[in-house]
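Asks: Each residue of the sequence shown is one higher than the one before, counting from 1 in this note's numbering.
I should point out that these hints are in silico values taken from the structure, not numbers from a laboratory. Incorrect hints may have been included.
[As the list claims (entries may be wrong)] Derived lysine to any residue pairs resembling SDA-like cross-links, with alpha carbons at most 25 Å apart:
| id | residue 1 | residue 2 |
| --- | --- | --- |
| 1 | 160 | 69 |
| 2 | 132 | 18 |
| 3 | 160 | 9 |
| 4 | 132 | 148 |
| 5 | 144 | 18 |
| 6 | 132 | 81 |
| 7 | 188 | 18 |
| 8 | 144 | 59 |
| 9 | 160 | 72 |
| 10 | 93 | 138 |
| 11 | 160 | 105 |
| 12 | 132 | 84 |
| 13 | 144 | 134 |
The model shown is predicted, which means the values in this text are computed figures rather than measured ones.
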Amino acid sequence: MTQTLPAGVRLISPPERPFLVLEARTTLILDWDIYDPEKTELVEASDTESGCCTITTGEEAVELLEAYNDLNRDQLWAVYTTGNGVRALRLDKAFPTDHPSVNALVSILDPDALYVSSSIVREHWAARVSHKAGRAVEEIRFLKWVGDGTAMSQQWEVFKLHHELLLEHGLTAIPFSDLVEALETHLKVPSAESTPVYNAV
């Protein structure tokens, strides 16, 4: 992909991580891994103690997001299922890794603690957007929208880039236009006075 990246966004593929990662400075991306004792090649039992695998089903992560959204209905989350869990991008506000509410948010949503710690060290939230070598064929599939808020332009750009990279690397087959249509349905086609920013992006 040769397009110009949004501000505060970078694509990396370091030697110790042989896959492509999208990193965003101010677009919050959270990840939950499912603990499954039968998948010992992917998940070690110690991961539950370290905070890596905090859910046993994807529905648990969605329920956490929906409960958190009930505290403030102005939020907007794009939720995906991954090969071993759930990924969510927050689009209604800029949320850097040093945001004063990050600890409270993490405490409530209980995502992968190792991922959060690593993101804070790198000062960027991250999302893998290509296949992992040696892993069976997987799909990162858009699941649903959570919240009734309006996307900010920069966060929407990161979200769109994230999805386009998933398409480019064969991790999803859902066109981006389907997500826009799903959002319009989710928001029950907002009025002209509150037209979401994606219409102009």
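Asks: State the violated hints by number, sorted upward, taking the hints as numbered earlier in the document.
Replies: 4, 5, 7, 10, 13
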